[in-house]
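J.: If you read the protein sequences in the order shown, they are chains A and B.
Just so we're aligned, residue 1 is where the first sequence starts under the working numbering, counting upward by one.
Just so we're aligned, residue 1 is where the second sequence starts under the working numbering, counting upward by one.
Mixed in with the good hints, there may be bad ones.
Claimed, not checked - Derived contacts from chain B toward chain A, CB cut-off under 8 angstroms, selection only: (1) A29; (2) P43; (3) E101.
Keep in mind that the hints were calculated from the coordinates and are not lab data.
Small disclaimer: the values here were computed from a predicted structure and weren't measured.
All C-beta atoms in this analysis are idealised placements derived from N, C-alpha and C, irrespective of residue type, glycine included.
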Amino acid sequence: MALTRESVKVGDEVTPLSRTVTQEQISAYAEASGDVNPIHVNEEFARMVGLPGTIAHGMLNMAILTEALSRWAGGSDRVASVRVRFSKPLLPGDTITCTGKVVEVDEAAGIATLEVGATSDRGENVLTNGRATVRLSD
Amino acid sequence: MPDESHVGRRYSAKGQQVEGDRAERFAQAIAGGDPVAEPGAVPPTYAAVYLMFPALGQIFGDAEVGLNLAGLIHGEQGFEFHRPVKAGDVVDSEAEIVSVESKRGMTFVGVDMRATGSDGEPVCSGHALLISR
Numbered sequence: 001m002a003l004t005r006e007s008v009k010v011g012d013e014v015t016p017l018s019r020t021v022t023q024e025q026i027s028a029y030a031e032a033s034g035d036v037n038p039i040h041v042n043e044e045f046a047r048m049v050g051l052p053g054t055i056a057h058g059m060l061n062m063a064i065l066t067e068a069l070s071r072w073a074g075g076s077d078r079v080a081s082v083r084v085r086f087s088k089p090l091l092p093g094d095t096i097t098c099t100g101k102v103v104e105v106d107e108a109a110g111i112a113t114l115e116v117g118a119t120s121d122r123g124e125n126v127l128t129n130g131r132a133t134v135r136l137s138d
Numbered sequence: 001m002p003d004e005s006h007v008g009r010r011y012s013a014k015g016q017q018v019e020g021d022r023a024e025r026f027a028q029a030i031a032g033g034d035p036v037a038e039p040g041a042v043p044p045t046y047a048a049v050y051l052m053f054p055a056l057g058q059i060f061g062d063a064e065v066g067l068n069l070a071g072l073i074h075g076e077q078g079f080e081f082h083r084p085v086k087a088g089d090v091v092d093s094e095a096e097i098v099s100v101e102s103k104r105g106m107t108f109v110g111v112d113m114r115a116t117g118s119d120g121e122p123v124c125s126g127h128a129l130l131i132s133r
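The shape of chain A in the complex, shown without the other chains (with noise of 0.2 angstroms):
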């Protein structure tokens, strides 16, 4: 179901999407995107450079959320925009959850505005700052 120009209202909230983001999903990632930074798929390298293990992309995190943006939104057509900081990592066996509220919403031009983040169950946040705007039909 896509959202339309009557239907959305400001506070409304995206559904939340959590996922567990496992080593094996990293790594297919890197492959997928080919971003083969060695902090993403070599233990060993990443702790090396001072982090606690290897960490998830801060991509991948972002894919996530643009996904649950779009599950709400009715498609991921309608994502206009999506801007994030990287605030703390993910690391393997994490889940995280997406999540979003909207702020604005013009009639005129069928957008809506949203806050948009991402935590970790350890109680990181992920993803701050963050913003976007999703395409609303009539």
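Take the given structure of chain A and dock chain B to it, following the hints.
T.: Only chain B this time, still in chain A's reference frame:
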């Protein structure tokens, strides 16, 4: 190290092809163990592949800018999706260094990027903030 003299540098990565197989693997990687959200559709953040990495890769390789990759952090990322891409699309990607700022012993590099379709229409715009320590 990047400095203000590098603001305005432009980079071009023309002819980025959206490969269906790869976009599918990308969608599966996002889904992890869950079902793919929209089978057959190219996820919006696939812009990382056809726009962001080709553009940033050129900046990383610019010896005169001299970014230290070992201490580099992807601080922020934004995308505006002007229209969806599909398998087989070819886009021209470009980037420009729009800001370089040093503070607290770190260098913040802002990069604007833009992908254009073969019809000349905008496909995706982006902004990256890179932090070099």
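J.: Please name the hints from earlier in the document that this structure breaks, with their numbers sorted from lowest to highest.
T.: 3
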